[in-house]
Amino acid sequence: MKRSKFRGLISTALAVIMASVVLSGCAGSGKSGGGKQTAENSNFEFKKDHLEFSWYSDYNDVLANPWAVDSPTEEWIKENFNVDINYIPASGAAGQKLSIMLASNELPDVIQVGDSQTIKKMEDSKLLQPLDDYMNKYTNLRDTLGESILNMLRASDGHIYRIPNWGNYAGKPNGNTCWLVNEKVYKDLGEPALETFDDLYNFLKKVKATYPDMVPLECKGQLEKYMYCGFKEEANVDDIVRFTTRKGNELESLFKQDEYKKGMLLINKFYREGLLAKDIMARTSDQLEERIRAGRIAVLAADTTFGEKTRGDMKKQANSDWKVIWPIHEKGLDGKKIMLNEFASLGFNSIMITKNAKNPEGIFAYLDWLWSPEGQAVYNYGPKGLYWDELNENTYPVLKPEYFEKSAAEISKEIRGSGSGCRLGNTSWVDGCAKYVYDLTPENKRSWTKTQQFNIVWNTSKKADEYTDVIPNSNSDEGVTYQSIADAKSEAVAKIMYAESEAEASANFDALVAESDRLGMDNLRKYMADKMNENLKKLGEK
Amino acid sequence: MKKIDSDKALRLVIYAVLTLVCLTIIYPFWNLIVISLNTGTDTARGGIMMWPREFTWENYKLVFKDTRLVTAAKISVLKTVIGTGAQILFTSIFAYGVSRRELKFKNFYMKYALLTMYVSGGLIPSYILIRTLHLINTFWVYVVPAMFSAWNMVIFKSFFENLPEGLLESAKIDGAGEYMTFFKIVVPISGPVFASLILFTAVDQWNGWFEGAIYITNQKLIPLQTLLKQIISANTAGQLMDQVSGTAAEKLAEETLTSKSLSTAAMFVTTIPIIMVYPFLQKYFVGGMMVGSIKE
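Chains as they are written, first to last, in the numbering used here: chain A, 1 to 542; chain B, 543 to 838.
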C-alpha cells in the first residue's frame, strides 16, 4: 500500500508539472506583432496631464535608475510636469537587447540608438513615429536646428524620425583631444619652445637624458592622429578612421597622402630612439594610468578628461600638473590652424519615439522641453528655484551667489542625486552656457578643463557634418572592404613603428598602400564620396 | 636513523612545494579582496600587493547603498535553490531512465536530449519561445528553461550505469518500484555525483545575470548579478556623464571610486555566499556510501 501511494504521488506530481508546462505553451498566441497603433492625442496638455513612458538607451554605460527617487532634478520634473519615466536598463546586454526588441516588436516608447544603419532599418520598417507635425506644434527643436540639419535628419520617405543627442548644431567647435606636458619637467628643463615636431624631438631627447626612469612620450588612443594632424593645416582628424581625405568632392586614399606618411615615419623615429614607451602597443590602459598617476610621463597625447582625472595624483605624487599646449606641428605651418578634434551637428546618437508609444505627442512635448534652455538648465544647473529662478535674455540661468560657493562636483552630486541624468543634450546651449558661467566664476574656482577648452582645445576643432554615416555598414560589400583595410592598417601601423630603420619603415608603409589598393580602396572611397556628396546636398553645401 | 631523516626531509620539501602552490592560487583572490578595500584611484596608481594602502569601505558602501540589493539577493537565493532543485530532480530522473537497459527507445531519448547541447536557435528564437511560454517578466524564467541539462544528464547517466546491477535487482526483489528504487536506493548512494552537480548548477544559477538582463524589465525580479552589473555600469556612466556635460569635470578629479574597485567589491559580495555553502557539500565528495552495501 505504502509503495503504491508513494509511486502514485510522484506520478501525479510529475503529470501536473508536465501538463502545466504544455498548457502554458498552448495558451494564446502571445502579443500581436504590430504593436499598438497610436492616434495623435491633440487634447493632451503637456505639464498638466499625466505623461508616462518607457525609455531604452542601447548602451551599457547609461544610467537607468528608478525615476524621481532621491533626485532633486527628477522629483522637480515629476512634481511640476506630472511626468513619469521608466528607464529600461541594458544591464550589460546592450545590442542583444535591442536585437530582441526589434525582432519581437516589443519596443519601448522611446528608444535611443547610435548606429545609423539600425536607425535606417527602423525608419524603413515603419517602427518609428514621424515627428514633423509635432515639430510644428512644439518648436524648440525645429527653431534651433535649422533647415540644413533637419534635412540631414530626414529619412528616405522625407519624414523626420529622430532627434540628435548632443548635437552641435550652432557650429561652435568643441572637443577634448589635446597635447599634455608634465609641467614640472617642462619647467625644470627650462621651458623650451614646444611648438614644432623638431621642438618636441629635442625636448624628448632632453627628457630621456635627464630622467632615465621617465617615459618621454605616451599616448592614449592613436598617436597617428596627433601626428597626421600636425603635418596638415585644417585636417579632419577622423580621416584616420575613414582612411580617406577630402579633395573637393572626391575622397582620396589617406595612405597616399604625404602628411600621413610623414606622421608614421616620425612615430617610427621616436620609437627607434627610445622616445616612445617601449610597450606602447602591448601595455594596458591600467598600466598607462599607473604611469601617469606616478608622474612618470613627460608628454602625453590624450585629452582634457584624462588630464583632469589624473591631475590630482600628478600633484600629490610628483608635485606637478598637466599643461595643455597648442597642437604640435610641422615647421612652417600655422600652429593655430592645426585641428585635433572634430564635431558634428548630429551628435553621438539619436532619440526616436516608436509606434508602440501610447502618447507620442506628449512624449515629443517633453523631449522638446528637455531640449529647450529651461530643460537643459534644470538638468545642468538644478531645478528652478534652487540655484536659479529665471533665464536671462541669452536664455542662460541667472545663478544665485550660493551656486559659486560650492564646487562643481558638489553641485553635480546634489542636483542629480540618484537620478539618471539628462539623456538629451543640447550641446550648443550647454557649451554656450558653460562659457557664460565660467566668466562669472571667480578665477580661483574656475574649472581647469574649461580653461583649457576655452583657451586652446576648442580652437582646434573642425566641423565634420559632411562625413555623417559615410562609413559603410559591416554587413555590406563595402563594409567588408572597410574592415579588411582596417585589419591591414592595424598590422601595418605596428610593423612601421617597430621597423629598425627609416628605410624599412618606409617600405612597410608602401606595402600598406599597395595592400589597401588590392583590398578595394578605390571602391570604398567612391562609395564614401557618394555618401559625402549626399550629405553636402542636404546641408546645402557643395 | 638515516631512513627517518630522509623521510622528514622529503615531507618538508613536499609541504613547502604544496604551500607555495596554494599561495600562488590564493594570492590573486586575496589581491582582489585588498583592491576592494582600497580607494579606487589609489589602486590605479599601482603597487597594491598584500594590504590596502588607503583603506576604505566606500566600494562596499556604494554596492550596499542600492535599495534594490536586498530584493535582488532574495531573488538570487530563490532562483539558486529552486532552479538547482528543479534541474537536478528532472535531469537525474531522465538520466536514471535512460541508464536502464530495459527502457524502450532509449537511444532516441538520448539523441534528442544531446541534440539540445549542440544546437540552439539563437537569442531571438529563444526570446520568442520564452515569450510564448508567458515567462517574460516572471520569476519562472529562471527555473523552467533550465530544468533540464544535457551535460549533467550525461554525467548522471554514466554514474548510474556503473551502479551494481545486483543492488537494484535486490530492491526489485524486495518489491520496490522504479520511483522507490531511484529515490530510496540510487540517490543515497550517488552522493558524490549529486553533490558535485548540485554545486556546479548552484554556482551557475547564482552567477547567472543574462536572463535577468534580457527577459526581465521589472526591477523587483532582477537577481543580484544583474543588479551589480547595473551598479558598475552606473558608476562608469556617472563619470562619463560629467565628462560630456562639461559642467562638473572636476568631479573626475575628486572621484575616488573607479569601475575596477567597484567590480572587485561586487565580485566579493557575490562570491562569499557560495564559499560559505561549499564546506557543507564537501563531505559528500569524499568517500563512498556504497561500502558494505553489497557482499560480492
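Hint data in this document are derived by calculation from the structure and do not stem from the laboratory.
Hints may be right or wrong, so weigh each one.
[Stated by the list, open to error] In silico EDC-like pairs for lysine to aspartate or glutamate, Cα to Cα no more than 16 Å straight-line:
1. B/802 - A/286
2. B/762 - B/608
3. A/526 - A/469
4. B/802 - A/502
5. A/331 - A/439
6. B/607 - A/252
7. A/358 - A/45
8. A/269 - A/502
9. B/802 - A/61
10. A/121 - A/75
11. A/47 - A/75
12. A/413 - A/45
13. A/316 - B/608
14. A/400 - A/439
15. A/262 - A/233
Only a predicted model underlies this, so the values are computations on that prediction, with no experimental measurement involved.
Verification of the supplied hints:
A C-alpha spacing of about 10 Å is found between residue 802 of chain B and residue 286 of chain A, which places the hinted pair at or below 16 Å, so the restraint holds. For a cut-off of 16 Å, the pair hint linking residue 762 of chain B to residue 608 of chain B stands: about 12 Å separates their Cα positions. The suggested pairing of residue 526 of chain A with residue 469 of chain A holds, with an alpha-carbon distance near 14 Å, which does not exceed 16 Å. About 41 Å separates the Cα atoms of residue 802 of chain B and residue 502 of chain A, which puts this hinted pair outside 16 Å; it is violated.
A hinted pair counts as satisfied when its Cα atoms are at most 16 Å apart, and residue 331 of chain A with residue 439 of chain A does not qualify at roughly 35 Å. With a C-alpha separation of about 55 Å, the suggested pair residue 607 of chain B and residue 252 of chain A falls outside the 16 Å cut-off, and the hint is violated. Note on residue 358 of chain A and residue 45 of chain A: the hinted pairing holds, with a Cα-Cα distance of about 15 Å set against a maximum of 16 Å. Of the pairs offered as hints, the one joining residue 269 of chain A and residue 502 of chain A holds, with about 7 Å between alpha carbons and a cut-off of 16 Å not exceeded.
As the CA atoms of residue 802 of chain B and residue 61 of chain A are separated by approximately 14 Å, the hinted pair is consistent with the 16 Å bound. At most 16 Å may separate the alpha-carbon atoms for a hinted pair to count; residue 121 of chain A and residue 75 of chain A exceed this at roughly 36 Å. With a CA separation close to 14 Å, the supplied pair residue 47 of chain A and residue 75 of chain A stays within the 16 Å bound. Only pairs whose Cα atoms come within 16 Å are accepted, and residue 413 of chain A paired with residue 45 of chain A is rejected, the gap being roughly 32 Å.
Taken as a hint, the residue 316 of chain A and residue 608 of chain B pair is broken in the structure, with Cα atoms around 32 Å apart against an allowance of 16 Å. About 14 Å separates the Cα atoms of residue 400 of chain A and residue 439 of chain A, which keeps this hinted pair within 16 Å; it holds. Between residue 262 of chain A and residue 233 of chain A the CA atoms are separated by roughly 14 Å; this keeps the pair inside 16 Å, and the hint holds.
Violated hints for the displayed structure, listed by number in ascending order: 4, 5, 6, 10, 12 and 13.
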